[in-house]
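Hey, can you work out the whole structure from these sequences and the hints?
Heads up: the protein sequence lines correspond to chains A and B, in order. For the first sequence, the UniProt record's numbering gives the first residue as 1, with consecutive numbering after it. For the second sequence, the UniProt record's numbering gives the first residue as 1, with consecutive numbering after it.
There could be a bad hint or two in this list.
Pairs involving identical chains hold if they fit within one copy or between any two copies, as the list cannot separate such chains.
[As the list claims (entries may be wrong)] SDA-like cross-link-like pairs, simulated, lysine to any residue; straight-line CA separation at most 20 Å:
1) LYS107 to THR10
2) LYS107 to GLN35
3) LYS107 to GLU47
4) LYS107 to ALA13
5) LYS107 to CYS52
6) LYS107 to THR53
7) LYS107 to ILE2
8) LYS107 to ALA83
9) LYS107 to MET1
10) LYS107 to PRO45
11) LYS107 to ALA26
12) LYS107 to GLY20
13) LYS107 to TRP66
14) LYS107 to THR37
15) LYS107 to LEU18
Keep in mind that the hints were calculated from the coordinates and are not lab data.
Number of protein chains: 2
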Amino acid sequence: MIVTLHVCITCRASHPVLDGEPVPGARLHDALTAQETPEGVRIVPVECLSACTNGAAIALSAPGRWTYVYGHMTAEDAPQILAGAAAYAGTTDGIVSWRERVTIFRKRSLARIPPIG
Amino acid sequence: MIVTLHVCITCRASHPVLDGEPVPGARLHDALTAQETPEGVRIVPVECLSACTNGAAIALSAPGRWTYVYGHMTAEDAPQILAGAAAYAGTTDGIVSWRERVTIFRKRSLARIPPIG
Numbered sequence: 001m002i003v004t005l006h007v008c009i010t011c012r013a014s015h016p017v018l019d020g021e022p023v024p025g026a027r028l029h030d031a032l033t034a035q036e037t038p039e040g041v042r043i044v045p046v047e048c049l050s051a052c053t054n055g056a057a058i059a060l061s062a063p064g065r066w067t068y069v070y071g072h073m074t075a076e077d078a079p080q081i082l083a084g085a086a087a088y089a090g091t092t093d094g095i096v097s098w099r100e101r102v103t104i105f106r107k108r109s110l111a112r113i114p115p116i117g
Numbered sequence: 001m002i003v004t005l006h007v008c009i010t011c012r013a014s015h016p017v018l019d020g021e022p023v024p025g026a027r028l029h030d031a032l033t034a035q036e037t038p039e040g041v042r043i044v045p046v047e048c049l050s051a052c053t054n055g056a057a058i059a060l061s062a063p064g065r066w067t068y069v070y071g072h073m074t075a076e077d078a079p080q081i082l083a084g085a086a087a088y089a090g091t092t093d094g095i096v097s098w099r100e101r102v103t104i105f106r107k108r109s110l111a112r113i114p115p116i117g
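Next up, the structure:
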């Protein structure tokens with residue numbers, strides 16, 4: 001099954017927007033798609049995850065799994081985000097053990113939501 | 001279709017825990033279930049929505065709809081939460097127009113996640 005990594009491409013992450021400069025969310029999306037996407041993961045840009053005060057925000061979700069939302073992500077975090085998404089894809093319920101969870105996912109959780117249904 | 005209102009019953013909402021006293025998340029759950037549940041809504045307690053620094057937290061979700069997570073909820077907000085859940089249940093995609101959205105949902109959004117699939 002494919003899991004979805006949503007990336008807010010409108011996140012300003014509390015930075016002023018400079019003319020002609022991509023916002024932090026767009027930069028994060030660019031950094032993620034510039035690398036090889038892990039097997040079982042698809043990256044989907046989204047306009048606003050309504051986590052504006054905690055941006056840049058991303059979310060991991062899939063049918064039947066817990067959804068996770070993380071904040072304060074930057075383009076420099078792209079490798080860890082992809083590793084974390086791969087670990088999420090490798091589960092059946094979305095729950096990655098604490099020991100196997102990447103550091104930024106341990107420290108910058110915004111929320112998790114039980115499987116929807 | 002039934003929508004789910006998840007309520008974190010372990011949320012301490014940054015308050016010290018007093019012996020024998022229910023935590024703020026449990027108090028919120030009690031306040032919500034003490035009132036009539038709106039049609040089309042079910043209230044489901046959950047242990048930890050991983051929004052600990054922004055608790056007490058709740059989430060609204062249903063298959064095919066946007067998921068919404070709200071923070072800084074208190075027992076006093078129960079009537080508005082139930083009104084907001086009813087409005088969410090009345091949509092097909094989970095998106096309640098800004099004008100019809102209850103004030104606490106406008107101001108205390110933690111995140112929203114696109115329909116999962």
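Hint by hint, here is what the structure shows:
no. : hint            : verdict
1   : LYS107 to THR10 : between (23 Å within a copy, 19 Å between copies)
2   : LYS107 to GLN35 : neither (23 Å within a copy, 36 Å between copies)
3   : LYS107 to GLU47 : between (24 Å within a copy, 19 Å between copies)
4   : LYS107 to ALA13 : both (17 Å within a copy, 18 Å between copies)
5   : LYS107 to CYS52 : both (18 Å within a copy, 11 Å between copies)
6   : LYS107 to THR53 : both (16 Å within a copy, 11 Å between copies)
7   : LYS107 to ILE2  : neither (25 Å within a copy, 33 Å between copies)
8   : LYS107 to ALA83 : within (15 Å within a copy, 33 Å between copies)
9   : LYS107 to MET1  : neither (27 Å within a copy, 36 Å between copies)
10  : LYS107 to PRO45 : neither (23 Å within a copy, 24 Å between copies)
11  : LYS107 to ALA26 : neither (22 Å within a copy, 25 Å between copies)
12  : LYS107 to GLY20 : neither (32 Å within a copy, 30 Å between copies)
13  : LYS107 to TRP66 : within (18 Å within a copy, 25 Å between copies)
14  : LYS107 to THR37 : neither (23 Å within a copy, 35 Å between copies)
15  : LYS107 to LEU18 : neither (29 Å within a copy, 26 Å between copies)
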